[in-house]
Structure formats: C-alpha cells, structure tokens
Amino acid sequence: QLVESGGGLVQAGSSLRLSCVASGRTFSTYVMGWFRQGPGKERELVARISVSSIGYYAESVKGRFTISRDNAKNTVDLQMKSLKPEDTAVYYCAARSPGTLNYNYWGQGTQVTVSS
Numbered sequence: 243q244l245v246e247s248g249g250g251l252v253q254a255g256s257s258l259r260l261s262c263v264a265s266g267r268t269f270s271t272y273v274m275g276w277f278r279q280g281p282g283k284e285r286e287l288v289a290r291i292s293v294s295s296i297g298y299y300a301e302s303v304k305g306r307f308t309i310s311r312d313n314a315k316n317t318v319d320l321q322m323k324s325l326k327p328e329d330t331a332v333y334y335c336a337a338r339s340p341g342t343l344n345y346n347y348w349g350q351g352t353q354v355t356v357s358s
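Just so we're aligned, residue 243 is where the sequence shown starts under my numbering, counting upward by one.
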C-alpha cells in the first residue's frame with residue numbers, strides 16, 4: 243500500500259515536498275516513481291529512483307525536482323522547487339516490483355495546484 247501526502251495549493255515559484263509511505267518489508271527492492279496527471283493530459287512519469295538511489299527525471303522537471311528515498315522509513319519523497327502552473331496535476335506514487343517493467347502498485351494520488 244502506498245500513501246501520498248504533501249499536496250496543496252501554492253503560487254508559482256514556490257516549493258512543495260511530496261511524501262509517499264509504503265507498507266511492507268521489501269520496499270528497498272522496489273524501483274519507486276512519481277507520476278502526475280494534469281487536467282486533460284495523460285499520466286506521465288515525473289521521476290523515478292532506483293534501488294541504489296539513482297534518480298531519473300523528466301526533462302520538464304529536471305533541475306527543479308529531486309526524488310529521494312529512505313529505505314529505513316519506507317518513504318520516497320519528491321522535493322519540488324520553482325513550481326510552475328503547468329506542474330498542476332494529481333501526483334501519484336508508484337512502485338515497480340523487482341524484475342518487472344510495469345509499476346504494479348499505486349497510491350491514491352495527491353493534488354498539486356500551482357497558481358500564476
């Protein structure tokens with residue numbers, strides 16, 4: 243089970259930190275990702291972090307967002323800076339089982355709204 247928190251309404255240029263807590267004992271073996279789905283848009287990968295904590299970022303957020311994980315706490319965070327109105331979306335935490343290509347566990351999502 244994945245539970246996100248930290249969403250909200252902020253002004254452009256602000257920062258926000260999203261957190262995702264995972265249940266289970268094998269969190270450290272999962273690739274974790276943050277996805278988002280904006281109004282009228284398809285869901286897209288924002289960032290992912292490997293089991294060895296190597297991050298990958300979509301071009302649209304590179305340099306502004308940072309993904310991190312704490313395997314001791316079963317958490318994965320997304321620090322978002324210099325937010326733009328186009329970052330407005332529902333943000334989802336997701337987990338990918340070892341050896342698979344698809345994310346098979348999803349959180350319920352948290353709304354991030356950036357006003358101009």
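Calculated from the structure, these hints are not laboratory results. Glycine residues also receive a C-beta, built at the ideal position from the N, C-alpha and C atoms. It is possible that part of the hints are untrue.
To be verified - Derived CB-CB ranges, DEER-like:
(1) Pro-327 / Gln-243: 30 to 38 Å
(2) Lys-323 / Gly-282: 34 to 42 Å
(3) Gly-255 / Gln-350: 32 to 40 Å
(4) Glu-328 / Thr-271: 15 to 23 Å
(5) Ser-256 / Ala-314: 23 to 31 Å
Out of the numbered hints, which ones does the structure contradict? Hints 2, 3, 4 contradicted; others consistent.
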